[in-house]
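Participant: Once you've looked at the hints, go ahead and assemble the two chains, each given alone in its own frame, into the complex.
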Amino acid sequence: MIRRLAPGAALSLVFVVAALLSYLWTPYAVDGMAIADRLKAPSGAHLLGTDHFGRDILSMLMVGARTSLAVALVAVGIGMGLGVPLGLAAAARHGGWLDEVIMRGNDLVFAFPSLVIAILITAIAGPSALNAIIAIGIFNVPVFARLTRGAALALWAREFIMAARVAGKGRVRISVEHILPNVTNLLIVQGTIQFSLGILAEAGLSYVGLGAQPPVPSWGRMLADAQTMVALAPHVALMPGLAIVFSVLGLNLLGDGLRDALDPKLREVRA
Amino acid sequence: MLAYALRRLVSLGLSLVVASLVIFLVVEVAPGDPASFMLGINAQPDTVAALRAELGLDLPKWQRYLAWVGGMVTGDFGMSYTYRTPVSEMVMDRLWISLPLALYALVLSTALAFPAALLAASRRGEAGDFAVMGATQLGIAVPNFWFAMLLVLLFAINLGWFSAGGFPGWEDPGAALKALTLPAVALALPQAAILARVMRSALIDILAEDFMRTARAKGLTRAQALWRHGVRNALIPVLTILGLQFSFLLAGAIIIEQVFFLPGLGRLIFQAISQRDLIVVESVVMLLVFAVILVTFLTDMAYAAVDPRLRRRA
Numbered sequence: 001m002i003r004r005l006a007p008g009a010a011l012s013l014v015f016v017v018a019a020l021l022s023y024l025w026t027p028y029a030v031d032g033m034a035i036a037d038r039l040k041a042p043s044g045a046h047l048l049g050t051d052h053f054g055r056d057i058l059s060m061l062m063v064g065a066r067t068s069l070a071v072a073l074v075a076v077g078i079g080m081g082l083g084v085p086l087g088l089a090a091a092a093r094h095g096g097w098l099d100e101v102i103m104r105g106n107d108l109v110f111a112f113p114s115l116v117i118a119i120l121i122t123a124i125a126g127p128s129a130l131n132a133i134i135a136i137g138i139f140n141v142p143v144f145a146r147l148t149r150g151a152a153l154a155l156w157a158r159e160f161i162m163a164a165r166v167a168g169k170g171r172v173r174i175s176v177e178h179i180l181p182n183v184t185n186l187l188i189v190q191g192t193i194q195f196s197l198g199i200l201a202e203a204g205l206s207y208v209g210l211g212a213q214p215p216v217p218s219w220g221r222m223l224a225d226a227q228t229m230v231a232l233a234p235h236v237a238l239m240p241g242l243a244i245v246f247s248v249l250g251l252n253l254l255g256d257g258l259r260d261a262l263d264p265k266l267r268e269v270r271a
Numbered sequence: 001m002l003a004y005a006l007r008r009l010v011s012l013g014l015s016l017v018v019a020s021l022v023i024f025l026v027v028e029v030a031p032g033d034p035a036s037f038m039l040g041i042n043a044q045p046d047t048v049a050a051l052r053a054e055l056g057l058d059l060p061k062w063q064r065y066l067a068w069v070g071g072m073v074t075g076d077f078g079m080s081y082t083y084r085t086p087v088s089e090m091v092m093d094r095l096w097i098s099l100p101l102a103l104y105a106l107v108l109s110t111a112l113a114f115p116a117a118l119l120a121a122s123r124r125g126e127a128g129d130f131a132v133m134g135a136t137q138l139g140i141a142v143p144n145f146w147f148a149m150l151l152v153l154l155f156a157i158n159l160g161w162f163s164a165g166g167f168p169g170w171e172d173p174g175a176a177l178k179a180l181t182l183p184a185v186a187l188a189l190p191q192a193a194i195l196a197r198v199m200r201s202a203l204i205d206i207l208a209e210d211f212m213r214t215a216r217a218k219g220l221t222r223a224q225a226l227w228r229h230g231v232r233n234a235l236i237p238v239l240t241i242l243g244l245q246f247s248f249l250l251a252g253a254i255i256i257e258q259v260f261f262l263p264g265l266g267r268l269i270f271q272a273i274s275q276r277d278l279i280v281v282e283s284v285v286m287l288l289v290f291a292v293i294l295v296t297f298l299t300d301m302a303y304a305a306v307d308p309r310l311r312r313r314a
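Chains Y and L, in that order, are what the protein sequence lines are.
The first sequence: position 152 = 152 (the working numbering), numbered continuously.
The second sequence: position 27 = 27 (the working numbering), numbered continuously.
If you are wondering where the hints come from, they were derived from the structure by calculation, not from laboratory data.
Idealized CB from N, CA, C, for every residue including glycine.
A few chain Y residues that face chain L, going by a derived Cβ cut-off under 10 Å, partial list only:
id, residue
1, 108
2, 116
3, 237
4, 240
5, 241
6, 245
7, 247
8, 248
9, 256
Excised from the complex, chain L in its bound form (with noise of 0.2 Å):
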């Protein structure tokens, strides 16, 4: 166990610094220098100079690449070029909105998805499994964004039940969670639909099992053997969907925070790439990568710890 984790380790380690190198790179070569952006089109050239070697713009690539990275590992992300505020201290801010949100979807789409799926798989092939392949099919084909905005025209306008958009912060933490309450419902029921249907395969392979007739051989019900043998043996590969979907949600949450004007992490980097505020681009989307890279990780190592079989494969 332990060697596998560290050779899992030494792959995260690298993914990470593959990452790192891809995303400087990517913003590297974007047209605009910071600095002129900053100052607009009728700064002296000696201005633009002095911003760009405070701003440390004039080192060479390699040198800022280092600093960055460095920063970074020790917390320090560097300064906002717009704002000159610590970029450590705008992500923190959003990140208190965007994972919340993503958690809470999470959530839903497990609660949704794990009934609907025990409903399909026990009835296989009969009227509630076509109705729940049905929703699924649906589910997955409707954008969430689209989704967002019917939610927010059924129950913000016409039932007046939730605001339309917007956040009241933490202080109340009722309302926090019931302004997060649509965009949630709206980011979870495509992955919900992706969800049910990996669910419902999982258990109906389960169902196969020799272990499962032997369940019901010694008397134990349909329902009896589903839930004790089948539910435990199928959750191994529904964990592994649940980690990748932690990454879908905390992405998708960035369009889902455009609908809902929630002052998030993806308000955030759009804000940042509509004025050329590289730094914070960078680093929040590094803190995404890294994020899912972790993410993964744990997942590898929760399934390791499950199933030894694993660890000799891998």
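Isolated chain Y, as found in the complex (with noise of 0.2 Å):
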């Protein structure tokens, strides 16, 4: 079990650790130019090598890893605050119009290119990373609604809820207590998987420059400003692709792990 959990969760941390270290120290100043050292290989003084303005490339990744995650960690919140809600009322009213209506503004929100109106949110109301995770956590309300209202159906029916009803519990109290804690581990689950998806849509936004703004450093924008260098320097434009294809493969494999460990009927399945 541990040793299935071991590898996400060991290079989700390392990102976790990298982000919150960085309030702290980073081996450079993220706005220190040094002109002078400009695209500079990785070496002994520079582990990541340098960019165009001679900025530490370690450095900016470390900063950009806070920017990365607390978008997704705060889109991943709306789309579980408003999605788990709005799921449980759907099932708890299973059939009933209010259940009608959730589900057809989820399919409603499900027909949209997430993408392309995540571009239109932040174009209007102009690009920043609090717009980003605005844009990005309301394609996840439809996700957490769905999951949860499919998971506490399967619950309703079964007879700890029957005989908690039988008990004069009201539905918002059965769904609270009863229904809530059962979901959990399949909230936690989609929750990585979410957060995953969420540092990429953040990195895809940043770099056509609707996300976080200089001169907070993010991992997306530093592959913008890459782009032209490509050829001169390939370090500028690998480092930060790297750093976003271990992030989200950390979360995944986690995820997967996280499913292993949590869900007692596939570990059977497996073995």
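Facilitator: Pasting the structure below:
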């Protein structure tokens, strides 16, 4: 069990620690330009090299990790905060008009190409990390609503819920006290997956200039800056991309590991 | 079947109406008046007012909404504020890059995912399966625009096999396809990874069915049984994913077009946004949403035509 969780957890932890550490210490100041040292290849002085302003890439990646993690975390928070109550309400009122309205609303959001709408929102409301968060967060809502509703519907048919109803508990109380604790595992697993998708989405938005704005470093914009220099100094484009790949990979592996660890049924099938 | 189709058609229409309202409202609340933007900060107030009247910006919101939707239904997308050319013409020009690009990527991703999934499912738990699953994990984690940059570095800059960007036009179809190849590969890879995982689990589900055991019992080899009975049945869930992927590819093309400087819908939309050319933004977004909703509808129809059980459930 631990063995399956370890690689993903370790990889994810590296990025969380790097982001937190950047508040206290980075090898160099991220706004420290040193034109004489521009586009240096990785070396002892600059472990991952320097960019076109002579800034230390490792330091920028560490600070950029903050942006990526913060945007993805809040976007998952929005998705869960709105999606889970909606899903619980739809399941509690299964077949009623509320269920119908919530699910149709869900379908509608799903029908929109998420990236296009994210671009629309950030473009109209102005490019910023906050608008990127909102744009990514909105599309997390139907994911969590649908997942919660599906799992909750199966639970509503169980005896212990029936017992709670007989004991006189209302739908809201049952949802909060009995349904919610039983879908938490699922939510955690989906949360890690949406988290990694959030990192990818944030990188895409800041690559096209609609995410975090300068001087806040972000992985996507580092890639956009690197594009014109890719022939001259490939490491400038390589490093931020690898940071994205490893953080997303780590979170996905963590999600898979958690699913196996938290869902005993799957474990039996695998064994 | 007819009743089901009609019901789905009604919900398709409703989705389109709601989608158009949402898009219109989002764009309407945008700060910045297109007329004053076009004329610059030194414009006289009465010039701005005259232009607003000419563009129809002084009409009440609901009238402009109706005019916009009514125009689109009849194929008239209005005039671009900045270029003074019909939006439909601008969109059509660009569509001939974005649409072939998305289709090209769809073909590539299917061609890549199908053999990989077949290999993984038939060798479940063995080395081949682990290799495919590991590769797909990596494929999902790679941002397509970064992969695109690596492709440019390797195949355009170092090897010189392809040009690093731009589009020569469709006069020479060979050159046009060549220009779209690197973008299509970049778009297709992450989608192929997702598709391969879905196909693999669909195939594994099918392999556990009774009819597969029967097929083996009547003397077919594993490969024969998988090919004749497994693949056909696994194709149904795969079709749905393909429909979904098309929308990802169309939207994903917007970012990939930036990497390769392709003058497609993506560049059009970014250009229009920066110039406050709201009518172009509205129309392109609406067109993309329409394409996605339509593809979903068609996939549902194909699905129901193949599997009658779905008609009753929906």
